[in-house]
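Sequences listed follow chains A and B, in order. In terms of our numbering, the first sequence opens at residue 1 and continues consecutively. In terms of our numbering, the second sequence opens at residue 1 and continues consecutively.
It should be emphasised that the hints constitute simulated quantities derived from the structure, not laboratory data. Careful, some of the hints might be misleading.
As the list claims (entries may be wrong) - Partner residues are not named here, just some residues of chain A that face chain B (Cβ under 7 Å, in silico): (1) 16; (2) 43; (3) 44; (4) 45; (5) 63; (6) 66; (7) 88; (8) 91; (9) 103; (10) 106; (11) 109.
Claimed, not checked - Derived coverage of chain B by chain A (criterion: at least 3 residues anywhere in the stretch with Cβ under 8 Å from a Cβ of chain A; other residues may be distant): (12) 34-44; (13) 100-113.
Just so it is clear, CB atoms sit at the ideal spot from N, CA and C, and this is done for glycine as well.
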Amino acid sequence: AQKVTQAQTEISVVEKEDVTLDCVYETRDTTYYLFWYKQPPSGELVFLIRRNSFDEQNEISGRYSWNFQKSTSSFNFTITASQVVDSAVYFCALPNYGGSQGNLIFGKGTKLSVKP
Amino acid sequence: EAEVAQSPRYKITEKSQAVAFWCDPISGHATLYWYRQILGQGPELLVQFQDESVVDDSQLPKDRFSAERLKGVDSTLKIQPAELGDSAMYLCASSSLQYNEQFFGPGTRLTVL
Chain A
1 AQKVTQAQTE ISVVEKEDVT LDCVYETRDT TYYLFWYKQP PSGELVFLIR
51 RNSFDEQNEI SGRYSWNFQK STSSFNFTIT ASQVVDSAVY FCALPNYGGS
101 QGNLIFGKGT KLSVKP
Chain B
1 EAEVAQSPRY KITEKSQAVA FWCDPISGHA TLYWYRQILG QGPELLVQFQ
51 DESVVDDSQL PKDRFSAERL KGVDSTLKIQ PAELGDSAMY LCASSSLQYN
101 EQFFGPGTRL TVL
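With the rest of the complex left out, here is chain A (with noise of 0.2 Å):
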């Protein structure tokens, strides 16, 4: 069965310190991908990565990487130099039926605080 967990329940840091988010999953499919998105206060969850499994390179955007290890079944999620609007709920997620379609199974999120 397709499962998500994200132990953390709840990170706060200062601003300008370095945090990781960690997710790790279950999946009866060989092939898969993953996903991370991020809930401001405002409730919409905006989408910001989708990785395949095919694919184990850590991906960088601006302050924002990821580290995929297939070997422990993990996705990581590191934000660099923490600024206060990145204060959110962020969700581990993939695929139900596997492959790239169907409905997304979602951790319970960890919700991170940035104080100045």
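With chain A fixed as given, assemble chain B onto it according to the hints.
Chain B alone, transformed into the frame defined by chain A:
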């Protein structure tokens, strides 16, 4: 930039009343999803449409919830009668067949009193 539209943004109702939520996906997106998000949890699928057809409604409480996407474009989710436990955020998302990133609307926050 194209966005998923939802209305209303907030809805307060009394139990046993009927409520309806509307979603307009990004133009050209064939797949539309309705998710429910309880406070402190991740979103969970209620129903998925491919064009006007239901692909998955296994988690939809069909005794009180209904969903339709008659022309394969916008969609309506209805609850009748609403119960206290239905208080949650209702999120609509859409994706294209080619790229499976799901784009979410702002959600409708429902409070049942």
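Are residue 91(A) and chain B close enough, Cβ to Cβ, to be under 7 Å, as the hint says? Cβ of residue 91(A) sits 5 Å from chain B, so the hint holds.
With chain B as the partner, please determine if residue 88(A) meets the hint condition of a C-beta pair closer than 7 Å. 13 Å, violated
Less than 7 Å between beta-carbons is the criterion; does residue 45(A) satisfy it with respect to chain B? Holds. Min distance 4 Å.
Residue 66(A) was flagged as interface toward chain B. Is the shortest Cβ-Cβ separation under 7 Å? Violated. Min distance 15 Å.
Holds or violated: is there a CB of chain B closer than 7 Å to the CB of residue 103(A)? 4 Å, holds
For the segment 100-113 of chain B, does the count of residues with a C-beta closer than 8 Å to a C-beta of chain A reach 3? holds (count 9)
Quick check on the hint: residue 109(A) CB to chain B CB, less than 7 Å? This hint holds: residue 109(A) lies near chain B, its Cβ roughly 6 Å from the closest one there, short of 7 Å.
Hint residue 16(A) vs chain B: min CB-CB distance below 7 Å? Not OK, violated: residue 16(A) not within 7 Å of chain B, min 28 Å.
Let me know if the C-beta of residue 44(A) comes in closer than 7 Å to any C-beta of chain B, holds or violated. Holds. Min distance 5 Å.
Regarding the hint that residue 106(A) lies at the interface with chain B, is the smallest CB-CB distance below 7 Å? 3 Å, holds
Minimum Cβ distance from residue 63(A) to chain B below 7 Å? Not OK, violated: residue 63(A) not within 7 Å of chain B, min 21 Å.
Interface hint status, residue 43(A) versus chain B (Cβ within 7 Å): 5 Å, holds
Comparing the model with each earlier hint shows violations of hints 1, 5, 6, 7; every other hint is respected.
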